[in-house]
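Kindly produce the complete structure, drawing on both the sequences and the hints.
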Amino acid sequence: MKQILNGRILTPEGWLCGGSVVVAGGKILEVSNNALHVDGAEIIDVKGGDVVPGGIELHVHGGGGRDFMEGDEEAFRVAVDAHLHYGTTAIFPTLSSSSPAMIRAAAETCQRLMKEEGSPILGLHLEGPYFNKAMAGAQMPEYITPPIPTDYEPLLTEYPGVIRRWDAAPELPGTEEFGRFCTAHGCLPAIAHTKGEYEDALRALKAGFTHLTHFTNAMSTMHKEREYKKVGIVEAGYEQEGFTVEVIADGIHVPAPLLSMIYKIKGVERMALITDALAVAASDATEAFDPRVIIEDGVCKLADRSALAGSIATMDRLVRTAIQQAAIPAADVYRMTSETPARIMGVYDRKGSLEKGKDADIVVYNAQQELQLVMQAGNVVCSK
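Just so we're aligned: 948 in this note's numbering is position 228 of the sequence shown, and the numbers increase by one with no gaps anywhere.
These are computed hints drawn from the structure, not numbers from a lab.
Keep in mind it's a predicted model, so treat the numbers as computed, not measured.
Some hints could be false.
[Claimed, not checked] Calculated pairs, BS3-like style, for lysine-lysine (alpha carbon to alpha carbon, straight line, at most 25 Å):
id: 1; residue 1: Lys915; residue 2: Lys944
id: 2; residue 1: Lys747; residue 2: Lys1078
id: 3; residue 1: Lys853; residue 2: Lys747
id: 4; residue 1: Lys1104; residue 2: Lys767
id: 5; residue 1: Lys926; residue 2: Lys950
id: 6; residue 1: Lys1076; residue 2: Lys767
id: 7; residue 1: Lys835; residue 2: Lys767
id: 8; residue 1: Lys767; residue 2: Lys853
id: 9; residue 1: Lys722; residue 2: Lys767
id: 10; residue 1: Lys1076; residue 2: Lys747
id: 11; residue 1: Lys926; residue 2: Lys915
id: 12; residue 1: Lys944; residue 2: Lys853
id: 13; residue 1: Lys1076; residue 2: Lys835
id: 14; residue 1: Lys722; residue 2: Lys1021
id: 15; residue 1: Lys747; residue 2: Lys722
id: 16; residue 1: Lys915; residue 2: Lys1021
id: 17; residue 1: Lys1076; residue 2: Lys722
id: 18; residue 1: Lys1078; residue 2: Lys835
id: 19; residue 1: Lys853; residue 2: Lys949
id: 20; residue 1: Lys950; residue 2: Lys915
id: 21; residue 1: Lys1021; residue 2: Lys853
id: 22; residue 1: Lys722; residue 2: Lys950
id: 23; residue 1: Lys1021; residue 2: Lys767
Okay, structure coming up:
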């Protein structure tokens, strides 16, 4: 049993000062305004830090020098462990556009690791390959294709509860059928890497596409065709309340003023923060997993500098960027790294907030938003 004391605790009702969080068996036993020591509990004094729910990573390609596209257990374990040390306590491993064989290998690994007690892995996220080639960015072009039912139907059928999210461009033929099949099989379809118009977004929304991947990146926005203005996916994301969005809050993919604007329009309930981190994140690596990619100016880019290619960010960097650069209130930033992702992915019954009975996934930040402690499933991963 452990008792966290002397911190400012973020609860669903707001900040609680002078209380405590008691955990045992990987679960939260109590969140209380009582700071009296519990008999037999190991005391964790957080010295005035912010005690908040652990970060839930919706979109991450790798870390610690390994990429989830490798598909094997070692790569998964190394990448996940790397991010656990930076404030992520639950994770949806992400594959860039891949072949069905590569997806199957990763799904097998993911399924096996998800069964382990207290596993931080909550399911697989497939970013592609059903994208618009003109908006491919750093995606592998040889894999990009419109939705192919004979590929996606067996995968979603054979791995129920494993493939939890799948991204596609709504303007492609067969995307609406793909979206409906995903939702029928417990998989969230999301819009990404698209040149679609506003009307494409509305059709996709009706087919179950309720989420926008790395919002404002690799998607169409308002533009002119001769004398007329055409409205894109970005504007649909702002205007339609049915859409949730995720934002790469590294301060580069989405500059701080834009990060602030998205927050003001979408609100904390419909906006999640993500890293979109590549294998070089949380590592000393100087070269990217993808040979086409370089690391420069604190971000990953295609070598010809035609596009950004993912980030090197970790969860704690998202927190600092959103609070210190975009001036978003700390409580809302912490919610956008925990509660909102949990709600988007349907795991809020056990993740995303500090409440009795939920998983003991807890992180502590000091007043400068520097990470002080990470607890995952009741186990202290790191402490400073």
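Going down the list of hints, with the structure as the test:
no.	hint	verdict
1	Lys915 to Lys944	14 Å, holds
2	Lys747 to Lys1078	6 Å, holds
3	Lys853 to Lys747	45 Å, violated
4	Lys1104 to Lys767	11 Å, holds
5	Lys926 to Lys950	21 Å, holds
6	Lys1076 to Lys767	23 Å, holds
7	Lys835 to Lys767	36 Å, violated
8	Lys767 to Lys853	51 Å, violated
9	Lys722 to Lys767	16 Å, holds
10	Lys1076 to Lys747	8 Å, holds
11	Lys926 to Lys915	18 Å, holds
12	Lys944 to Lys853	21 Å, holds
13	Lys1076 to Lys835	23 Å, holds
14	Lys722 to Lys1021	43 Å, violated
15	Lys747 to Lys722	10 Å, holds
16	Lys915 to Lys1021	21 Å, holds
17	Lys1076 to Lys722	14 Å, holds
18	Lys1078 to Lys835	18 Å, holds
19	Lys853 to Lys949	23 Å, holds
20	Lys950 to Lys915	12 Å, holds
21	Lys1021 to Lys853	18 Å, holds
22	Lys722 to Lys950	57 Å, violated
23	Lys1021 to Lys767	40 Å, violated
In this structure, the hints that do not hold are numbers 3, 7, 8, 14, 22, 23, in rising order.
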